[in-house]
Amino acid sequence: MAARALEHIRICDFTGQLAGAGATKFLAAFGAQVIRIEDPTNEGRWDILRGGQPYVDERRGINLGGSFNNHNVEKLGITLNLRTPRARELLRELIKISDVVSENFAAGVFERLGLSFEELVEIRPDIIYVSNCGFGHSGPYRDFKTWGPIVQAVSGLTFSSGLPDQPSAGWGYSYMDHTGGYYMAMAIMMALHHRNVTGEGQWVDMACTEAGATLNGPALLDYTVNGRPLRRPGMPNSNRSQFPPMAPHGIYAARGEDEWLALACRDERDWAAFAEVVGEPWTADPRFADLAGRLAHEDALDARVSAWSRERERFETAARLQAAGVPATAVQRPGERIDQDPDTASWGLWPTVSHTEMGDVRVDGLPVHLSATDWAITRGAPCLGEHNELVFGELLGLSVAEVRALEAEGVL
Amino acid sequence: MTTPRPGALADLRVVELANERVAFAGKLFADMGADVILVEPPGGDAMRGYPPFLEDVPGPERSLAFWHYHTSKRGVVIDVDEAAGRDALRALVARADVVIESEPTRRLEALGLDHATLRRAHPRLITISMWPFARSGPRAGEASIDLTLLAGGGPAWSCGYDDHSLPPVRGGGNQGYQTACHYAVMAALVAVLHRDRTGEGQHIEVDMHAAQNVTTEAGSYSWLVAKQTVQRQTGRHAGVNMTAPSQVRCADGRWINGGLPGRRQRDFQAMLRWLEDLGLRDEFPQTAVLELGAQRERIELSRISEDPEVRAIFEASREAMNFIASKLSAYDFFEGAQRRNFQVGIIYAPEEVMDDPHFRERGFRVEVEHPELGRSFTYPGAPYLFHGSPWRIRRRAPQLGEHTDEVLAE
Chain G
29 MAARALEHIR ICDFTGQLAG AGATKFLAAF GAQVIRIEDP TNEGRWDILR GGQPYVDERR
89 GINLGGSFNN HNVEKLGITL NLRTPRAREL LRELIKISDV VSENFAAGVF ERLGLSFEEL
149 VEIRPDIIYV SNCGFGHSGP YRDFKTWGPI VQAVSGLTFS SGLPDQPSAG WGYSYMDHTG
209 GYYMAMAIMM ALHHRNVTGE GQWVDMACTE AGATLNGPAL LDYTVNGRPL RRPGMPNSNR
269 SQFPPMAPHG IYAARGEDEW LALACRDERD WAAFAEVVGE PWTADPRFAD LAGRLAHEDA
329 LDARVSAWSR ERERFETAAR LQAAGVPATA VQRPGERIDQ DPDTASWGLW PTVSHTEMGD
389 VRVDGLPVHL SATDWAITRG APCLGEHNEL VFGELLGLSV AEVRALEAEG VL
Chain B
59 MTTPRPGALA DLRVVELANE RVAFAGKLFA DMGADVILVE PPGGDAMRGY PPFLEDVPGP
119 ERSLAFWHYH TSKRGVVIDV DEAAGRDALR ALVARADVVI ESEPTRRLEA LGLDHATLRR
179 AHPRLITISM WPFARSGPRA GEASIDLTLL AGGGPAWSCG YDDHSLPPVR GGGNQGYQTA
239 CHYAVMAALV AVLHRDRTGE GQHIEVDMHA AQNVTTEAGS YSWLVAKQTV QRQTGRHAGV
299 NMTAPSQVRC ADGRWINGGL PGRRQRDFQA MLRWLEDLGL RDEFPQTAVL ELGAQRERIE
359 LSRISEDPEV RAIFEASREA MNFIASKLSA YDFFEGAQRR NFQVGIIYAP EEVMDDPHFR
419 ERGFRVEVEH PELGRSFTYP GAPYLFHGSP WRIRRRAPQL GEHTDEVLAE
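Chains as they are written, first to last, in the working numbering: chain G, 29 to 440; chain B, 59 to 468.
Keep in mind that the hints were calculated from the coordinates and are not lab data.
Every residue, glycine too, gets a C-beta built ideally from N, C-alpha and C.
Where hints are given, some of them may not hold.
[Said to hold, decoys possible] Counterexamples of contact, computed for chain G against chain B with all Cβ distances above 12 Å: (1) Y83; (2) S159; (3) L289; (4) A324; (5) E364.
[Stated by the list, open to error] Short, incomplete list of chain B residues facing chain G, as computed with Cβ under 10 Å: (6) R71; (7) F111; (8) A168; (9) G170; (10) L171; (11) T175; (12) A201; (13) L205; (14) G211; (15) Q236; (16) Q270; (17) F342; (18) P343; (19) E393; (20) R420; (21) F422.
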């Protein structure tokens, strides 16, 4: 097994859902000891994914949620009832030996637990504290509540995904929970590097809406520099190219029910190669002879491309276009890109983890490989309190009997 | 004026071989303080020719895409097709901590600048290679752009409309490239932390297609766990089971994303008070049903199919929100709903965040000087607020070859 790059890092982890849990999943995959803290009084249900669908079989229960497993592999799980003084004491002990405290509660929740940055620093002076919520810990919307779709709406990402004369298509999943988690992971590691260099910890206040708003940079500059908003007639039209200009560029019907093909011509070479594959007279239409013409008559061009593509099987068409060097792909269904795609298979993108109650389950792996310290994902998400003995025993020195007693008292 | 504190990556030097696929990764490093040297070929990177342009006039120093993706970097021109250029690049790499590129593999090998050769000479070096597919994998030769990454890698299947005669939608803004760049930087930071401790560098490969595949939430895990296929829906999560629409058009024609309506006593009470405040309590046809809801502690959604009263209350609360939305501007509805603890989001066009009071107060508008134009322009700000080692745009994107002499003389 490869060396574990982050095995010396301990994270006292209050994150949940995906926007937070996704961040610490990445770190855990590289060996960080991520200790997930959950409330025993509500069985960790602050994380609405715990116990939620999908399920591997007919069993249901707090430890059997498929999405929770996906986002929490390789972590340890403990319970702490922070309404009790003894649990708060144990948490202080844990923070003392942790490098990072991470959370994605609504703003103010952590403070009310008595865990503001100032208080964390008193426990451990070089602590790294990364908070992640919709609007951050300051500003007029500090108390507003969000989840992925709300973040995407406010940050402009919903609007910038859509077709003309239609409402926004937006994102059919919480793109900003994934991406908020990516920024949170970056923030934690950047702060760790800064601590390595200077010895100093710090607080990083992450607002997912701000992270999301940075993801439409050129459109923002077109507004602030040229005064041109994206809210204008005919826009957005996000299946077309924003930059650089290309035509054709889109997602076109293919043969069959709800089957689609994406293709584009990046330049005149691609267009000539495309025309040869198509082999129909319309490709010689003088209106389409150069990029300026194709852009000026893009609706007519798209109609022609669609009429051609809708008669054809999408994987075959994509292969013919690829053979001619033209970017093209079938719009793949989940089962196709997961079970039939030679790239994701050879990459090892879907590792199987062993979960204490669910058994063997496949999960999302990582799209990176590191030559010296690669990731490993083999252990499923923790069951509720699964690692109480390990953490309170080995790390904090309690005996098994003490752990059992604290569980019985409702502290753990 | 006090000197701003250095960013968290201020001790790192990154060499970026200019390419649209890696540009955003370089920006993420540079705005956190790394000295990112953008290496362009003679004539400049292709992105200099990408619209939109300053005042819509094309020119190598006028591309706003280039401006955005290359903030805080220094720029050099090196012709690697010349022996002197290759020597210059080698000398640059010798002083670098990280090299990031997305060049055809054989091209770098032919030039003697491939990661294996570079790392033999510099064991501390971290090299990052981004490619649309695994470089040595079965699909390595496929032509690919942002559109095909998002279409083939999963996102597009989940995005679009209830009406499936409309095509799936690729979200705008080059998110496919950006997602891959997020992973490139995350992996690089793992390698940086390993090197901090051991002195050892390493090579990182990023598969851009794989990056989309693991950024689809339920799209992937519904299949992985239960062999279920999600179906796209307008403006909300693709699902195995279809859900009610979530986008509502407000009185000013703009839209909000409404999310789940209320289920608790205080939610129904808040709706009734809001209707009252707006003078709409009598006009809303289902006020009496809401009042029923306000007498209950909460309604259980799981009982919706068997209990007609629960269903009526649930539907009345949805109707109440839609009714109020139809009477208010999108902003007033968003703000009013959130002040009453309802999770609602205004669907802003991207530029509208720049004028929003919350974004303004948190400093999201950042002024960047363009001294040669004698002007400054407003750029989008930080994705995260570091209190100890802040994000900062230190300078506008480099002009072509602006720092060649300075950097090569160092």
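Evaluated hints:
1. Y83: violated, 6 Å
2. S159: violated, 10 Å
3. L289: violated, 8 Å
4. A324: A324(G) clear of chain B: closest Cβ-Cβ about 15 Å, beyond 12 Å.
5. E364: The claim is violated: E364(G) sits with its nearest Cβ about 9 Å from chain B, within 12 Å.
6. R71: violated, 14 Å
7. F111: Since chain G brings a Cβ to about 8 Å from F111(B), closer than 10 Å, the hint holds.
8. A168: violated, 20 Å
9. G170: violated, 19 Å
10. L171: Status violated, d = 17 Å.
11. T175: violated, 14 Å
12. A201: A201(B) check passes; min Cβ-Cβ to chain G is 4 Å, inside 10 Å.
13. L205: holds, 5 Å
14. G211: Nearest chain G Cβ about 7 Å off; hint holds.
15. Q236: Since the shortest Cβ distance to chain G is 6 Å, the answer is holds.
16. Q270: Because about 8 Å separates Q270(B) from the closest Cβ in chain G, which is inside the 10 Å limit, the hint holds.
17. F342: violated, 24 Å
18. P343: P343(B) check fails; min Cβ-Cβ to chain G is 25 Å, beyond 10 Å.
19. E393: holds, 9 Å
20. R420: holds, 5 Å
21. F422: holds, 6 Å
Hints 1, 2, 3, 5, 6, 8, 9, 10, 11, 17 and 18 from the list above are not met by this structure, while the remaining hints are.
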